[in-house]
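Number of protein chains: 2
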Amino acid sequence: MSLAKALFTSTLARRGLPIQRVAVASNIRWYSSDKRLTEDTMSQNIRNMEYAVRGQVVIAADALQHELEENPQSHTYTKVLYTNVGNPHQVGQESLQWPRQVMALCNLPPSKGIDHPELAKVFPQDVIDRAREISHVGLGDQGTGAYSHSQGHLAFRQDIAKFIEQRDGGVTSNPEHIFMCNGASSGIEMILDVLLNGPDAGIMIPIPQYPIYSAAIACHGAHQVGYYLEEEKGWSMDMDHLEQQLADAKAKGINVVGFVLINPGNPTGQVLTRQALCDVVTFCAKHKLVLLSDEVYQDNVYDENAEFVSAKRAAWETGLLEQDAIELISFHSTSKGLYGECGHRGGYMEVVGMDASVEGHLYKLASSGLCPNLDGQILMDLMVRGPDPWTESHREHEAQKRKIYDELKAKAKLMTEGLNSIDGFSCQPAQGSMYCFPAIEMPPGAIAAAKQQGMAVDTYYALSLLESTGICVVPAAGFGQKPGRHGFRTTFLPSIDDMKQAIKDMRKHHEEFCARHSEESSKVA
Amino acid sequence: MSLAKALFTSTLARRGLPIQRVAVASNIRWYSSDKRLTEDTMSQNIRNMEYAVRGQVVIAADALQHELEENPQSHTYTKVLYTNVGNPHQVGQESLQWPRQVMALCNLPPSKGIDHPELAKVFPQDVIDRAREISHVGLGDQGTGAYSHSQGHLAFRQDIAKFIEQRDGGVTSNPEHIFMCNGASSGIEMILDVLLNGPDAGIMIPIPQYPIYSAAIACHGAHQVGYYLEEEKGWSMDMDHLEQQLADAKAKGINVVGFVLINPGNPTGQVLTRQALCDVVTFCAKHKLVLLSDEVYQDNVYDENAEFVSAKRAAWETGLLEQDAIELISFHSTSKGLYGECGHRGGYMEVVGMDASVEGHLYKLASSGLCPNLDGQILMDLMVRGPDPWTESHREHEAQKRKIYDELKAKAKLMTEGLNSIDGFSCQPAQGSMYCFPAIEMPPGAIAAAKQQGMAVDTYYALSLLESTGICVVPAAGFGQKPGRHGFRTTFLPSIDDMKQAIKDMRKHHEEFCARHSEESSKVA
Chain A
1 MSLAKALFTS TLARRGLPIQ RVAVASNIRW YSSDKRLTED TMSQNIRNME
51 YAVRGQVVIA ADALQHELEE NPQSHTYTKV LYTNVGNPHQ VGQESLQWPR
101 QVMALCNLPP SKGIDHPELA KVFPQDVIDR AREISHVGLG DQGTGAYSHS
151 QGHLAFRQDI AKFIEQRDGG VTSNPEHIFM CNGASSGIEM ILDVLLNGPD
201 AGIMIPIPQY PIYSAAIACH GAHQVGYYLE EEKGWSMDMD HLEQQLADAK
251 AKGINVVGFV LINPGNPTGQ VLTRQALCDV VTFCAKHKLV LLSDEVYQDN
301 VYDENAEFVS AKRAAWETGL LEQDAIELIS FHSTSKGLYG ECGHRGGYME
351 VVGMDASVEG HLYKLASSGL CPNLDGQILM DLMVRGPDPW TESHREHEAQ
401 KRKIYDELKA KAKLMTEGLN SIDGFSCQPA QGSMYCFPAI EMPPGAIAAA
451 KQQGMAVDTY YALSLLESTG ICVVPAAGFG QKPGRHGFRT TFLPSIDDMK
501 QAIKDMRKHH EEFCARHSEE SSKVA
Chain B
1 MSLAKALFTS TLARRGLPIQ RVAVASNIRW YSSDKRLTED TMSQNIRNME
51 YAVRGQVVIA ADALQHELEE NPQSHTYTKV LYTNVGNPHQ VGQESLQWPR
101 QVMALCNLPP SKGIDHPELA KVFPQDVIDR AREISHVGLG DQGTGAYSHS
151 QGHLAFRQDI AKFIEQRDGG VTSNPEHIFM CNGASSGIEM ILDVLLNGPD
201 AGIMIPIPQY PIYSAAIACH GAHQVGYYLE EEKGWSMDMD HLEQQLADAK
251 AKGINVVGFV LINPGNPTGQ VLTRQALCDV VTFCAKHKLV LLSDEVYQDN
301 VYDENAEFVS AKRAAWETGL LEQDAIELIS FHSTSKGLYG ECGHRGGYME
351 VVGMDASVEG HLYKLASSGL CPNLDGQILM DLMVRGPDPW TESHREHEAQ
401 KRKIYDELKA KAKLMTEGLN SIDGFSCQPA QGSMYCFPAI EMPPGAIAAA
451 KQQGMAVDTY YALSLLESTG ICVVPAAGFG QKPGRHGFRT TFLPSIDDMK
501 QAIKDMRKHH EEFCARHSEE SSKVA
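Heads up: the protein sequence lines correspond to chains A and B, in order. Following UniProt numbering, the residues of the first sequence are numbered contiguously, the last one being 525. Following UniProt numbering, the residues of the second sequence are numbered contiguously, the last one being 525.
Check each hint, because a few of them may be wrong.
If several chains are the same, the list does not tell them apart, and a pair holds so long as it fits within one copy or across any two.
Simulated crosslink set (BS3-like; lysine-lysine; CA at most 25 Å straight-line) [what the hints assert, rightly or not]: (1) K401 <-> K413; (2) K364 <-> K451; (3) K286 <-> K35; (4) K252 <-> K35; (5) K233 <-> K409.
It should be emphasised that the hints constitute simulated quantities derived from the structure, not laboratory data.
So here's chain A without its partners, still in its complex pose (with noise of 0.2 Å):
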């Protein structure tokens, strides 16, 4: 027995393991622990794909949280500020009472379930009606535990559509075209798996742009066509670098297939104008470009002049629709908005004009994962048909939303005065969404000493940022920005005090990082 082995069979015996099941221990065979999935066999889409809202910076702060949980004493601050995913829930915010209390009694099972009679001492009637009537009608009496139509249940589609007409004043929609999803995230890559045909293929995305767009085109090895954003004129666009955009491109022989607006943006938290939707849904027809639309932000909008329009009422508006002259998918979620429900995973998209056949593979697509999770139905249901206005639960409900509504008003003007107001920094308004996306000058020795670490000198300002100061931001590079702008994304959720605290520490950090930086051959602290 060879040295190796005898170690193998003792460490057997120690751990005490059944050894009369050891089948063929006593005659062991020994096979290379080389790896088949090594970096260069793996798929090389995914090595390349970068997503930077859970990179390298929060990764480090994971493991600063978990420093700080073991010793609190270890820094100057006893918490990670997590500003680098608009995840509502996880730094304060209450979820809303109804949607939950309906939630679960949907999810109790009939025998000690939604007709117990001591639950009408703890939930209103209106919510046992609401759970009842999912039960019956939405779920077809099969409860949560059972997989829905790969779309989700009819109903829930059915209150979708009467929302959507609701909202775009009374431009049709049709339940069967609209696909319920695990979060918008699942839709938008099911989407793109269908419209992306090999390495030839790409997409307009915006500069800067939510990173799930550049990780799913990377995924399929496909070509993102950036448009950059106009950051001096509040992140607009401009149609003639559009043109530009998109004309160079197909003279690189990239087959661009599609367009992706992002509205309310994100990270940019801009509120595009009914001309500039206008604009685009006619880009689009012109070019025979599929647009995605990512609307997740609609229910966020802050600025008392701006108003949300969806690519839809613009395309109907432009006429598009009727003439049918326009492949249009628009996304929605229950993580955003008032709700913030980020861990149900619910979400929606709706197919406009798409080819038949097409449409009939996107459903196969789905069917392939089944069904998106019931939870994340329910709740999606919830969020585009609320309580009745005559309900006892109805008034209690709209407060909630208000006060959540009121405050993220207030956050957004906060944050983006008290970025502005640091020497260095400039913020464009967050007329919406959850997002400031503030440019920083950055001092010449934090350039030199990034490179001589090399990482981007975004990557290296926040993790300096994190180590001085706890709080966690996502660096403008993972977004994309134009060349020789620097960054960093930040959300606007925490607590308003927690923020005020933000700000001076942001500023404190930005004066003694600029200092530690202010020459070109400074070394890293």
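Since the structure of chain A is provided, determine the placement of chain B on it from the hints.
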């Protein structure tokens, strides 16, 4: 103004939409309604992908069900009996009470939540205690509305690791290598995303197989390298055949990177022996194939002479685990077992022996979808860690599970025997899982008739069965089988009464079908 324009403008007016908002209706430009996205321009991988479990026959079944609801007299039966998908709650299995009670409480918001005094009159104290523990420890007081760690909350992964260790007789499991996911499906898709690098890549899959594998492989335009299960020997594996298939694929230039094992079998229902498991893990180690072990039916073993052995346990018994000579990913789910909770999309995968950098990319991929849904995470936690033995809920929970198990066991036998009692049917015993996969002798006329209609004879048969009886099965062709074999997959999940009737109906249909197609030249009825 052209007639088309005039008609369009009058439509606007007719709809009563707010005309003042129609910015450009008076100055409409006309664009082509040609589609960018057609079957020819969309992703050809998605176009070519098949997913039979919700394919043509199920779409026909849904239409039939709709027809029956509109007009219950339209057929000799009054409902569609869905046996196409392992969806227990859809066909009458009641949810277990304890996990649903805990889930419900976890979703209640703090203000009228777990601590409400009246709830103690509805729920046992141990349910309230467990929900409190989950809210505090599992969810870290963030509730179900926050995104979790991309792999799922650590406390849940710790419980999963403990479950795996206990199941595998002490073989260690590390929560850092567990990825919770939206059902096993999304885990399988993620792994194949990482594994498949370009069109030369191939994966060995059993024939017959569960079609998510062939579907996901097709999505990547990669190769499926089939290995046949030996039907006559209870769907066992022939190692010489595996060697041959691998050698043949390599000779064709296919870069075979992975191996799929489904145990207990889907659609085949066999439970592999300990020896077979040891042979498979050794085969994978020898040839450096990443092993994907689909173990979602591990709690569904009915044959008293059979035992579920995990691939990981076999890797330990063969010494491969301690040699670090195997790359293994195993999948589990809340959708099967005795929970049958399909709708909540709970699942996990355990990653063993994977290169650390590659696992980092897997984490990144998981992060791009943010996190698996929280309700599914909670349910997965409850499934791997039931009520404590001393609690009020324990006895009743175990009794409910036992009842479901006993029924499934009886139904497996009933369905196998029933199918074998039909002349021309031959069905291997379902030792486990939820399915029977009979072989059916097709009359020669049926093959000709199907060909004439351009479909597989299995599909032709399943559509005929559906129309005659209302029973919805999946054509065997959708899972793959040896050339010349025909049949279907059926679950044995409906009630015993429904299944007895189904067997009668299947027999009658088969006799009529054979009579109708007794001659090669017979016309389709």
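Verification of the hints:
Taking the closest pair of Cα atoms, K401 and K413 come within 25 Å of each other only inside a single copy of the chain (19 Å); across copies the shortest separation is 55 Å, beyond that limit. Taking the shortest alpha-carbon separations for K364 and K451, only the inter-copy value of 24 Å comes in at or below 25 Å, while the best intra-copy value is 47 Å. In this assembly of identical chains, the alpha carbons of K286 and K35 lie at most 25 Å apart only when taken from different copies (12 Å versus 50 Å within one copy). In this homomeric assembly, K252 and K35 come within 25 Å of each other (Cα to Cα) only across copies, at 23 Å, whereas the closest approach inside a single copy is 38 Å.
Taking the shortest alpha-carbon separations for K233 and K409, only the intra-copy value of 21 Å comes in at or below 25 Å, while the best inter-copy value is 68 Å.
In terms of the numbered hints stated before, the structure departs from none.
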